[in-house]
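S.K.: So you can see what is in the structure, the chains are spelled out below.
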Amino acid sequence: MDAGSLGSLATNARVVRALGMRSIRQTFRRPQLMAPIVVFPTLLLAIQTGGAGGAINLPGFPPVQSFLQFMLAGAMMQSLMLAGNSGGIALAVDIEMGFTDRLFAAPIPRYTIVLGRLAGTAALGLFGSLWFLAIGLIFGAQIESGVAGALIAIALVTATAMAVGGIGAAIALRTGSASVVQGLFPLVLVVLFLSSAFFPNELMIQPARAIAEYNPLSFIVEGIRGPIISGVDATELGEAVLAIAGIVVLGLVLSARALRHRLQVG
Amino acid sequence: MPAIVVEGLKRSFDEVLAVQGVDLSVEEGEIFGFLGPNGAGKTTTVRMLTTLLLPTGGQATVAGHDVVKQARAVRASIGVALQEAALDPLMTGRELIRLQATLQGLPGAEGKRRADDLLERVDLAAAADRRVGGYSGGMKRRLDLAAALVHEPKVLFLDEPTTGLDPVSRKTIWEEVRTLNDEGTTVFLTTQYLEEADQLADNVAIIDSGRIVAEGTPDTLKTEIGNPHIQLQLAAGSIAEAEKVCAQVGKLLPPVDGRSLLVEAANGAADIPKVVRALDDAGIGVESLELVRPTLDDVFVAKTGHHLEKDEQRQAEPEAVEA
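Each protein sequence line maps, in turn, to chains A and B. With our numbering applied, the first sequence covers 1 to 266. With our numbering applied, the second sequence covers 1 to 323.
Any given hint could turn out to be false.
[Claimed, not checked] Subject to a maximum C-alpha distance of 20 Å in a straight line, what follows is the list of computed SDA-like cross-link-like pairs (lysine to any residue):
1. B:Lys154 with A:Pro107
2. B:Lys10 with B:Glu215
3. B:Lys69 with A:Gln264
4. B:Lys69 with B:Gln83
5. B:Lys112 with B:Pro153
6. B:Lys69 with A:Pro109
7. B:Lys112 with A:Gly20
No lab work stands behind these hints: they were computed from the structure. Bear in mind that the values here come from a model prediction, so they are computed numbers and not experimental data.
Could you put the whole structure together from the sequences, leaning on the hints where they help?
M.R.: In structure tokens:
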């Protein structure tokens, strides 16, 4: 790689960092974007842990130290899914108010605009994972595979936030409407509830069980949950990484097509 | 060498032809006024020239670069301040300029220095760390202008930079545009205000329904129109009756509103007594009378058959109330 290419790469990295920082600031300065990422999943975690803690005694429930320990992965998934949705809403707001024109009129590769947004979403995913790990530790949940396991869980949550953010960004770029992206909020929860995020697949009834078994989110949840409730399982981890990669590819393809469409329609 | 060359530029949206073969040439260092009513195709043309929208026909170069094939080189050469200042209300003014500097590839230290200089230049240094959401309309426009200047562009596109501003803020923007032009920046300015084009532009193109209907210096265009006209406000009597009377002494022009009458004065002030006498003989009182030299609105009327500012005021007023 020659010096010019390296310089261009460094400039693009600075652009992604600057747009990512803006995305994070935007989320923290707009409570309606922050609330679904932290407040809502924390409340749901508290309610479920307090009200359904006895579920761990059901036959077929995986061996866990506590229901809170089991639920941490689900809370992180909920937080990152809503972070991806919030990122999409914020991008759509940018389009509606014309801010993206400022970005499109700059001499930067257009992928950096999407990557900047995703970097911000990934940072929020990281924040969410740290938040829920801290809550878990404070309220007595153990991370069975120690620091290494915690780091794996954090990495998976961060990567998944970025992947899900790609889908949110694609929908925002295609529709240019914050209300359409916001309208996906219930759908996000439905997809999440039809996974093993909040309840083990084995205890679900059909057809939810069949859906959950093939839902890519279930593979990711199990990859995050494994290091927390037992230990790192190579197969589980591999399946989680593959599921994330699939969502990343889908998000990138859809985003690239949506970007082209936006330039066509202005 | 021209800074902007446009040949047969077209853009359609499904069945609607928004821009229908525009030809333009803007010389380096000039202020070019692009004048037309809402929906005439001004913003669509600017969006194509700034690479925000692909043309469906024709070609254009900006700063020597093709807007389709060399879009990134175009974007590196231009500054853009679009209609309705596209600013993030949650950012501070300083954050916005710093971000713009990064987008333009300026190193961190230089971006910081440029941000400080520009905020000072547009008189926003004191408000630089406040969120943009709390700025007035004039402050937002000045900030938008500063952001467009962060990389010292060769060509600056200003899309209706003073729409919705009060007269004082409008004059401040005009002064800044003149200063920039004196420093060598080519300015492509779209506007719906005739006075703005008249005050600022070296050359003007008038667009209506997606086509250029006139192009030249403001003085040339006005001279082409030729005759001044008499504008009459009636004290009493019906406009229809007065129109009949005046039509016998001079050519009637399309009215600006329901209370005034415009009569072409081929002989200038010498036609005034004829018109007054004819109205007096018909028993129609005149409240006020003025001899008006040709304006760009007259050019617009001559080329399109309707007034520009009358249309625009009708559409702009509700927005002004909302703001």
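S.K.: If a hint holds in the structure, say so; if it doesn't, say that too.
M.R.: Comparing the hints with the structure gives:
Between the alpha carbons of Lys154 of chain B and Pro107 of chain A the distance comes to roughly 14 Å, so the proposed pair stays at or under 20 Å and holds. A hinted pair counts as satisfied when its Cα atoms are at most 20 Å apart, and Lys10 of chain B with Glu215 of chain B qualifies at roughly 18 Å. At most 20 Å may separate the alpha-carbon atoms for a hinted pair to count; Lys69 of chain B and Gln264 of chain A meet this at roughly 15 Å. Distance restraint check for Lys69 of chain B and Gln83 of chain B: the Cα-Cα separation of roughly 25 Å exceeds the 20 Å cut-off, and the hinted pair is therefore not satisfied.
For the proposed pair Lys112 of chain B and Pro153 of chain B, the alpha carbon gap of about 17 Å is at most 20 Å, so the pair holds. For the proposed pair Lys69 of chain B and Pro109 of chain A, the alpha carbon gap of about 14 Å is at most 20 Å, so the pair holds. For the suggested pair Lys112 of chain B and Gly20 of chain A, the alpha carbons sit about 19 Å apart, so the restraint of at most 20 Å is met.
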